[in-house]
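*Asks:* Sequence:
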Amino acid sequence: MRRDRRWITLWHAALILGLAALSSGCAGVAAWFATPTPTPTYTPTVTPTPTETPTPTRTPTPTLTPTPTLTPTMTPTPTLTPTPTFDFPDITVSVEQAHCRFGPGTAYLHAFTVYQGQHAEVHGRNDFNTWLWVLFDGEPRHCWIAASVTQVDGDVRTVAVAQTRLPQSTLYGPPTGVRAARQGDQVFVSWEPVWMTEDDYRGYMIEAYVCQNGAYLWTAVAIDGTSATFTDQPGCSQPSNGRLYTVEKHGYTNSVPIPWP
Numbered sequence: 624m625r626r627d628r629r630w631i632t633l634w635h636a637a638l639i640l641g642l643a644a645l646s647s648g649c650a651g652v653a654a655w656f657a658t659p660t661p662t663p664t665y666t667p668t669v670t671p672t673p674t675e676t677p678t679p680t681r682t683p684t685p686t687l688t689p690t691p692t693l694t695p696t697m698t699p700t701p702t703l704t705p706t707p708t709f710d711f712p713d714i715t716v717s718v719e720q721a722h723c724r725f726g727p728g729t730a731y732l733h734a735f736t737v738y739q740g741q742h743a744e745v746h747g748r749n750d751f752n753t754w755l756w757v758l759f760d761g762e763p764r765h766c767w768i769a770a771s772v773t774q775v776d777g778d779v780r781t782v783a784v785a786q787t788r789l790p791q792s793t794l795y796g797p798p799t800g801v802r803a804a805r806q807g808d809q810v811f812v813s814w815e816p817v818w819m820t821e822d823d824y825r826g827y828m829i830e831a832y833v834c835q836n837g838a839y840l841w842t843a844v845a846i847d848g849t850s851a852t853f854t855d856q857p858g859c860s861q862p863s864n865g866r867l868y869t870v871e872k873h874g875y876t877n878s879v880p881i882p883w884p
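To convert, note that position 64 of the sequence shown is 687 in the numbering used here; the numbers rise steadily by one, no gaps.
Since the hints were made in silico from the structure, they are not lab data. As the structure is a computational prediction, the values presented were derived from the model and not from experiment. Hints may contain errors.
[As the list claims (entries may be wrong)] Label pairs and their calculated CB-CB ranges:
# : residue 1 : residue 2 : range
1 : Glu719    : Glu762    : 16 to 24 Å
2 : Gly777    : Asn836    : 29 to 37 Å
3 : Gly796    : Asp713    : 35 to 43 Å
4 : Leu840    : Pro790    : 36 to 44 Å
5 : Asn864    : Pro790    : 17 to 25 Å
6 : Pro884    : Ala838    : 33 to 41 Å
7 : Gly777    : Gly800    : 46 to 54 Å
8 : Asp822    : Ser850    : 18 to 26 Å
For each residue, glycine too, the CB sits at the ideal point set by N, CA and C.
Just need the whole structure built from these sequences, with the hints factored in.
*Replies:* Here it is in structure tokens:
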């Protein structure tokens, strides 16, 4: 009986082993013939290469381009042509001695005496070229000399008509009470006397423009007294006129206009 049980047990074991083997073989055959389950393909994910963040480039501070220094071109200095120096006319005193005066006429005070052979330059003249305003060599001031007592070298018409000032005196006052009256062509002028010392007294002087024979003439008259008469005719476009001075040895007072009739 035990023997039968052992045999049955062995048979069971063999059966189980056979079934297990069969099951294993069928599974292998099924596995062989079955459609294989696809193995998932690994698609690699492309990891982007990190872009380098550019390092900020410093914009260079602009360098100032120096302005080129211009080398000046030397312009040749023009040669200056010297302006010719004006050649004043000259005079030489032709008489033994002569007066040089403060004005163009014998009515004016004596300035100083000049002598034969003395030289001067002519710097001015009167309207008629009869009196010359000159500067003698070595003298500090000009004076007037009559052309008739000189020898002239040059053309005195090249110099201007000179308007000169008289030396002024304040020791005495100008005349007062100046009046004028006309009778035909004659004009009578009078004034009150001015007291002066005998040493200083040089009288009076009138400078006047009068019309004679249709010409408008200038004249200067020295007067020892308190009246003077002038010939003054019609026929000139400009009015006649005159002025009166007190004269003392040092010079002239301010002038007083004459109320010319």
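*Asks:* Next, verify each hint and record whether it holds.
*Replies:* So, going through the hints one by one against the coordinates:
1. Glu719 x Glu762: 16 to 24 Å: holds, 19 Å
2. Gly777 x Asn836: 29 to 37 Å: Holds: the Cβ-Cβ distance is about 32 Å, inside 29 to 37 Å.
3. Gly796 x Asp713: 35 to 43 Å: holds, 41 Å
4. Leu840 x Pro790: 36 to 44 Å: Between Leu840 and Pro790, where Cβ atoms are some 25 Å apart, the hint is violated.
5. Asn864 x Pro790: 17 to 25 Å: holds, 23 Å
6. Pro884 x Ala838: 33 to 41 Å: Cβ of Pro884 to Cβ of Ala838: about 20 Å, so the range 33 to 41 Å is violated.
7. Gly777 x Gly800: 46 to 54 Å: holds, 47 Å
8. Asp822 x Ser850: 18 to 26 Å: Holds - the Cβ-Cβ distance for Asp822 and Ser850, about 24 Å, lies within 18 to 26 Å.
Hints 4 and 6 from the list above are not met by this structure, while the remaining hints are.
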